[in-house]
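Undergrad: Here the protein sequences line up with chains A, B, C and D, keeping their order. Read in order, the letters of the first sequence are residues 1 to 174 in the working numbering. Read in order, the letters of the second sequence are residues 175 to 436 in the working numbering. Read in order, the letters of the third sequence are residues 437 to 620 in the working numbering. Read in order, the letters of the fourth sequence are residues 621 to 1096 in the working numbering.
Don't read these hints as lab results, they were simulated from the structure. If you're wondering where the values come from, they're calculated on a predicted model, not measured in any experiment. Among the hints, erroneous ones may be present.
As the list claims (entries may be wrong) - Computed spacing ranges between beta-carbons, pair by pair: (1) B:245 to D:673: 56 to 64 Å; (2) A:58 to D:1080: 45 to 53 Å; (3) D:954 to C:607: 43 to 51 Å; (4) A:171 to C:443: 21 to 29 Å; (5) A:15 to D:988: 31 to 39 Å; (6) D:843 to A:172: 18 to 26 Å; (7) D:1080 to A:171: 41 to 49 Å; (8) A:15 to D:651: 16 to 24 Å; (9) A:172 to D:1047: 22 to 30 Å.
Stated by the list, open to error - Within a straight-line C-alpha distance of at most 27 Å, the following computed DSS-like cross-link-like pairs (lysine-lysine) qualify: (10) B:202 to B:255; (11) C:446 to D:832; (12) C:503 to C:514; (13) D:828 to C:440; (14) C:439 to D:968; (15) A:129 to A:152; (16) D:832 to C:439; (17) B:371 to C:503; (18) C:568 to A:129; (19) A:129 to D:968; (20) C:514 to B:371; (21) C:446 to D:828; (22) D:652 to D:734; (23) C:439 to A:129; (24) A:129 to C:440; (25) D:968 to B:255; (26) C:535 to C:514.
All C-beta atoms in this analysis are idealised placements derived from N, C-alpha and C, irrespective of residue type, glycine included.
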Amino acid sequence: MSETITFLAMFEDFEPASLGVEKLHDLGLSDDDMNVISGIPIKGAILGRPSAITYVSRIAMVGALLGMAFGLFLIYGIPYLYPLLVGGQPIFPIPQGIIITFEMTMLGLMGFAFIGMFVDSGFPSYTPKEYTPEISDGKIAILFSCPESDQKKFVDALTKAGAESVVPAEARHL
Amino acid sequence: MSTNLELPMFTNNSEAELGGRWGMVIDKDLCTGCQACVAACSMENNVPFVGEEDAGYGRSMQWIRIERLWEGLDGDYREVKMTDYQPLMCQQCHNAPCEPVCPVYASVHSMSEDLNLQVYNRCVGTRYCANNCPYQARVFNWRDYADYRETNTADNDPRWSVFQNQLNPDVTVRRRGVMEKCTFCIQRIHQAENQAKAEGREVRDGEFTTACAQACPANAIVFGRIDDPESMVSLAAETSRGSRLHEELRTMPRVTYLAGGA
Amino acid sequence: MIKKFFAWLKQPLGLIAVGIVFLALFSAAVYGIYTTQQSPEQPIQFPHKTHVAFGIQCLYCHPGANKGPAAGLPSQTKCWGCHNQIVKTRDSALLAPLKDAVLSGQSIQWVPVAMVPDFVQFNHRAHIAAGKNCEDCHGDLSQMTIYENPQVLNMGWCINCHKQSAGDDQALLTKLTDCGTCHY
Amino acid sequence: MTSLAKPLARPHAEEHEDPREHLMHDPLPRGKMNEMVMEAMHETNWKFWVVTGILAVLVATCLGYAWYYLIDKGLGVAGVNMPVFWGIFLVDVVFWIGISHAGTFISAILRVLKVESRRPFTRAAELMTTFGLVQAAISVFMHMGRVWLSYWMAPIPNERMIWPDFHSPLMWDFMAISTYLLCSTMYLFLPLIPDMAMARDRSTGWRKTLYKILGLGFRGTEGEWKNLTTAMNLFAFAIIPVMFSVHTIVSWDFAMASRPGWSSTVFGPYFVIGALHSGMAAVAIVLFLLRSTMKHYKYFIRPEHFDTIGMLMLLVSMAWAYFYFNDYIVPWYGGDVWDKLFQEWAEKGPLWYLWYTMLFCNIVVPWSILWNKKWRRTPWLLASAGILINVGMWLERYIIIPEGLTINRMPFTWRLYIPGVEIALTVGMFALFLLLYMLASRVIPLIPVWEVQEGQEAHLLRKIGKAEIPTLSELE
């Protein structure tokens, strides 16, 4: 595997795409060596691929905890710094604390889910990538790399599986 | 910093400290509705004059107002009856509804004097406190009534020369957009306390009084320490004629109204 | 057009230009802030240092400090009362404005430096009574010519000192951190 | 017994409908849909610019200049006076927050419940949420006496060592609205990323630059999709309680005050439902406007969607009536003198007609129009009902706030409220909302194309198997 070449195979529909994935598996490509690019979210199972791993939920949970800590600081830490009496109400009110803590927890959860999505996907990145605008027209593309010596074998297999085109992928500005 | 143990930490102290510190008694039977207190208050506290038009639209900024209510307006004019004159100012509630609703601690309780405070420069003008005051005792600076900047000189505003010189230096001049209200003449309280402290004694009852009480020709308003059972105000409040406004709201006002005498 | 401009900005000369503009704006902002922190021009370059060196007490010229809210400035006749008797100062060019003011009856327009806003009710007497010395707030005037504030007189600074002065005395702390102590 | 042998369910007329009436059963190639959406975005004619110009002038004068005037002269130029400290400003705050609720309701709740007909208009509704919240925030700031100091409400360390007071319902409001504004903006942006990538692939010039930046370099790899859908799912579930909390807290601004007519425990859910009532109606108006003005949108927004919205409107109207009755009967029966006074003031006072108009618009109009499926599917009729409902809901807030403040426990201070510069500001705010929406409609693809295609694909997929499995929207 000294020299590898990256191909972009375009498919019209799920059926041939899943067949293509199967062929690539048969040719000895592991799931890590290929990626599916599509215009709509496709569950990995439909194409016979493992489900992608995401850390967004975990990051969001961390965010929720941080948000909660911040909320608790706001409602119980701030009055400690400068206690002021209002309307005979307690300095560290529990009912009001629930409201602020809730809001801040949710803000932390969602803010970190948003940031987590960026971090986990590597957004924003404006570097050249293997892509073709046809993908956002609904085509399904399989991006895979194979040894340069075997490239004909792979191209033939995918064309047989129903690929519209199998072309060497070039990184381009999106 | 060490935490103040006198503060209610997790629960309300609505039942605590029923006594209070400064208080007032207003005898409605003695009040003649002469408005001297209103004038005196405005002078003492730099309360601006809003003009005829604004006053007519409900923007007069009196910290104390004389309420008069009529009964029997639906019937014959001979049946129309007027109720007592009721001078009304901030009741300095112990559990003041105006305080907790302020988002920036502009309306805050003075723990040392047990008074409601309005910190003018902290006020951002949400006016929530005024809505939440069951006595409608708070007034708002709708315009720059007290705009004494260079641009607003005697040449273009005849009020300038008069008003500039009558301001009380001990009281802040408020600008537009802030809430204000009766302070029980806190500047006089501080002055008396400072004087007493300098002389190494307690403030004597009757040593000073608020501007309204001072101006009242009928002595209908009595001001003093209500935690001192021997003070004039405590003795006056003890009578059976006394009641407080909207006591059912548990705001614990510090002003007692006397009515129903002969 | 805009594209060309951005392209120009990206080349080294453009980057230098961006840097210069940024630095200029930044220094202008810093200078603007700096000027707000400077003591203003006074009609007379009053040397506090010299007066303190002669052993004149603060209260001699600012007698209001232990009596009431304002420490007060000495009247020009009070100044002239001494300076009139010293030959060196009677004819000094530096004191010409004082002399003119006394002779013409006009008052000298000192520019206030140590001042709090209108919504702060400050009282010198209470602070003197609490055992504070002038230099605790106003700095060491034996080293100063024209008065400058040794620190920004803001609320946090006031509150800090109030808290320290109260120490563990809860009643005093309540009194000293009460909003109504200064604001009414 | 023979009768039992007959099939119980008669074939319903609906079953013979052309399935192609449903967007989900009427698929177009993705490329075609992309083209349609892009074309609708590019399409501007002179009418568009005339309307934009008028709105821009309105915003500049009624909002920009009037606000400057208000700040310069103080609140005296508005109509607020001594007992009526809160005027139309607060009416607008509650109204706009109400409008903003429908966006989340539609896109989050319907997403969670997997209602398929939501797909084409989630974005339009989410955009309404964000812009509505912007309007609400502007109203809050206009209402403040010293708006230039509003940052004092933020918990920022400062030299005064004073912090905001979290005892205040306004602080809860501040935190809740900030949370909601931030989260709904993020929630608007998340499903927009693939569409931005789509727009990036087929645009040139400044649009290309804009979409390239906003597209973030999205390609649509498995990992990116997984992250995106996970985040969207999280948002859909998390933003629902936030949405409920926001309007509950807005209602607490009133319910926490010890005022007759305000201090009510049912205000929380009542305001939430009221918000949805006006919000749903606003969605109907927006959908009607989009359908009738944007090119190709008749394909995406169909009578079935108006049908969905109409049913929701009817449901929400009934719920609103239920809560209103709750809020009405308790003080009526309890007979507290001040509460009773407030009710009589609203019904028989000088502004009695507002009360009747409110009931007419909020109950009579939706109940008499929306029960009929054919009427529900008539876009202009639904939009008209929507406008009336919004009028009714605005009046409802007007009755609660300025009218409710007119009377209080001190009869000496009762005074009527006559709006001043607030009217211009309100007009300006409506203009700003429309202007923002119009401009956004030319920059943001208002139809989430990938979601529509996803739905269509999902419906196709179910037919690939041997038996045809009914999809969710068919089961409805």
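Undergrad: Tell me the hint numbers this structure goes against, listed in increasing order.
TA: 2, 5, 7, 9, 14, 18, 19, 20
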